[in-house]
Amino acid sequence: MNRLNQFFNSSIGKKLVMAITGIFLILFLVFHLINNLMLFGGPEFFNENVARLDSIKPLIRVMEIILALIFIYHTYTGLKLWWENKKANPEKYAVNANKENSTIYSRTMTITGSLIFIFLVIHLYTIWVKYNFGMEGSEDYFEVIKIHFANPIWAAFYFIIMIFIGFHINHAFQSSFQSLGWSHKKYTPIVKKIGTVIAIILAVGFASIPVYFFYISFGGQG
Amino acid sequence: MSEKNINLTLNIWRQESPEAKGYFEKFEKEISPDASILEVLDEINNRLEFEGKEPIAFESDCREGICGACGLVINGQPHGPLPKTATCQLHMRNFKDGDTLYIEPFRATAFKILKDLIVDRSGFDKIQVAGGFVSFNTGSAPDGNVILISKEMADQALDAAECIGCGACVAACKNSSAMLFVGAKVSQFALLPQGQPERYERVQAMVKVMDENLFGSCTNTYACEAECPKGISVLNIARMNRDYFMAKLKTGTNE
Chain A
465 MNRLNQFFNS SIGKKLVMAI TGIFLILFLV FHLINNLMLF GGPEFFNENV
515 ARLDSIKPLI RVMEIILALI FIYHTYTGLK LWWENKKANP EKYAVNANKE
565 NSTIYSRTMT ITGSLIFIFL VIHLYTIWVK YNFGMEGSED YFEVIKIHFA
615 NPIWAAFYFI IMIFIGFHIN HAFQSSFQSL GWSHKKYTPI VKKIGTVIAI
665 ILAVGFASIP VYFFYISFGG QG
Chain B
10 MSEKNINLTL NIWRQESPEA KGYFEKFEKE ISPDASILEV LDEINNRLEF
60 EGKEPIAFES DCREGICGAC GLVINGQPHG PLPKTATCQL HMRNFKDGDT
110 LYIEPFRATA FKILKDLIVD RSGFDKIQVA GGFVSFNTGS APDGNVILIS
160 KEMADQALDA AECIGCGACV AACKNSSAML FVGAKVSQFA LLPQGQPERY
210 ERVQAMVKVM DENLFGSCTN TYACEAECPK GISVLNIARM NRDYFMAKLK
260 TGTNE
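Which chain is which? The protein sequence lines are A and B, in order.
Position one of the first sequence corresponds to residue 465 (the working numbering), numbered consecutively onward.
Position one of the second sequence corresponds to residue 10 (the working numbering), numbered consecutively onward.
The set of hints was computed from the structure by calculation and includes no laboratory data.
This one's a predicted model, so the numbers in the text were calculated from it and none came from an experiment.
Keep in mind that a hint or two might mislead.
Claimed, not checked - Simulated pairs of lysine-lysine, BS3-like, Cα-Cα distance not exceeding 30 Å:
{"hint": "1", "chain 1": "A", "residue 1": "K657", "chain 2": "A", "residue 2": "K563"}
{"hint": "2", "chain 1": "B", "residue 1": "K121", "chain 2": "B", "residue 2": "K183"}
{"hint": "3", "chain 1": "B", "residue 1": "K13", "chain 2": "B", "residue 2": "K30"}
{"hint": "4", "chain 1": "B", "residue 1": "K217", "chain 2": "A", "residue 2": "K649"}
{"hint": "5", "chain 1": "B", "residue 1": "K105", "chain 2": "A", "residue 2": "K563"}
{"hint": "6", "chain 1": "B", "residue 1": "K13", "chain 2": "B", "residue 2": "K62"}
{"hint": "7", "chain 1": "B", "residue 1": "K93", "chain 2": "A", "residue 2": "K657"}
{"hint": "8", "chain 1": "A", "residue 1": "K544", "chain 2": "B", "residue 2": "K259"}
Claimed, not checked - Taking beta-carbon pairs under 10 Å as the criterion, some of the chain A residues facing chain B (in silico):
{"hint": "9", "residue": "N549"}
{"hint": "10", "residue": "K550"}
{"hint": "11", "residue": "N553"}
{"hint": "12", "residue": "L644"}
The C-beta atom is built at its ideal place from N, Cα and C for all residues, glycine as well.
The following block holds chain B by itself, in its conformation from the complex:
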């Protein structure tokens, strides 16, 4: 294990319920530089439980940066100051002895705070349900190379599919726009042959639900791309815009 422990001041958002008024609770903590931010919260919770107090509610699952459950805002940045890093992979060695951290939930009208650091991200699920899939029966596994896809297209589609749906784009955006998320979900299908039959219905359906769920409009600040733990490119937003115009020009059926 590396250097000696560091002392941090942690201001952590506490909120009893969606309706309750939230506040920052201050914790002074000596911590190993090898601990991740979630392990710091675990340690604080152990102490709180030992003292018979209510532990801090926060979400986490895989703790290896692939599930997207652990969204926290650390010092004003979703997933903290390191680029392309999820909260769970942010270790305390990135902070100095004596640093003060503000740990908050994602803030957006579309993401209601449920308790402490947990927000309701079901808006994303609703967008996905509206069109983030291909609706064929898969049947048995097809032979390889039956459908040819160029390397470049496959790469771009996989880059878009890297989105873990954590919501950092919405949290980073000054307008709480979900366009990076929706752009990625639209693109991963729009780039592949399997996505073509439903391409234009998909983009219209997903954008419609996005707008209905109180996400803001994109003003191209690109804060989403800068904060995305998977480095999803705003190219995907441009592709979604393009597909949306084309959809409105081409299709006549969808309202």
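In isolation and in its complexed conformation, chain A is listed as follows:
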């Protein structure tokens, strides 16, 4: 155990933790997006699918616990890195030339990550708790989303956070490959492009839901 502990507390071990947990979180987002896009299939289609997931509840619960642990470990290690790195570099230069040598996505990982964490707590509290414990016998899961995003504040909040999720993943995807030790003159530029495409698909995909429901709340045709 001592050996393992030493590894995970080393600077490179922490990179590995961020990379592996991060890849699992991206995978989760892909599945989450597929489920979300079913909302576009209309109330019946969506409610049926939620009910289908409900029928394998024990499996879902186990997955939720694993996901929560992964997410917490990712957040914990990220914040620990941020704190340690702040101590390693406490004084800033008189002229800020960061934009000359790095991307805004890479420099704002802690900020976007923290915003995503805050969002997730609110998101779980509003949607997840409602779905799991607050349906009061109703099975119209579609209606919950519809009412939620009729509120412009919720719609705007979700929309903005989805942009930040895109920022976060744009850096994260290629960064995880680098951390895992795979960097290649020819392939790494392609990996970077794939990461950007995934980031855009996830951000646009998720953001389309609040936009769509906010639009139909004005009587627009769904």
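Starting from the known structure of chain A, fit chain B onto it as the hints suggest.
Chain B in isolation, oriented as in the chain A frame:
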């Protein structure tokens, strides 16, 4: 000699001792566009000495971009705005008449400021001592081509060995991480046959000392690669990561 002299405003970091509070001292200077930044400092120091004041302390040695002694941060960029250029090779022709320059030391917890623009980079030495070598007796010169190395491997190893250990990677990094330096030092041996016997012990020992010496962790912003005067690639960091995992999986002896 080229065009006429230019006028610059230079804000230069002054700090009496590691514990003293530092500040920027302002100098207005007319300078030849052919002067390097170190020659500008030399001229200012001549004047300061003539006036009986304390000259600006800064490091330099070869002044041809190969020793790594002259690390300065100019307008927020280690070694200034030109890519793949050491401070000593940065000439004033790259600036315009009336420009304002901020000249600072490298800033990192691991690089303590000793005086003015001089920082203590002994953290790098400690990392090197931990494993940046091969420990065989060299004996007499071996025959050529006894150990075969492919051209590609030799090229990559030499690219990594180009690192002059100046510390610009640490200075550029928002986390003050030394991973580009350590990655290069690990790679130059990991790529060659002579480095294999100690390959996995080396990477563990060097990373351990790196972590102990208050360098931060890498978050892959790649600012180090962008600012490196020798253009060392972050490929070397990936190689170090890989070797470190392999080392932890393979070896059982090193703790």
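Which earlier hints can't be squared with this structure?
-> 3
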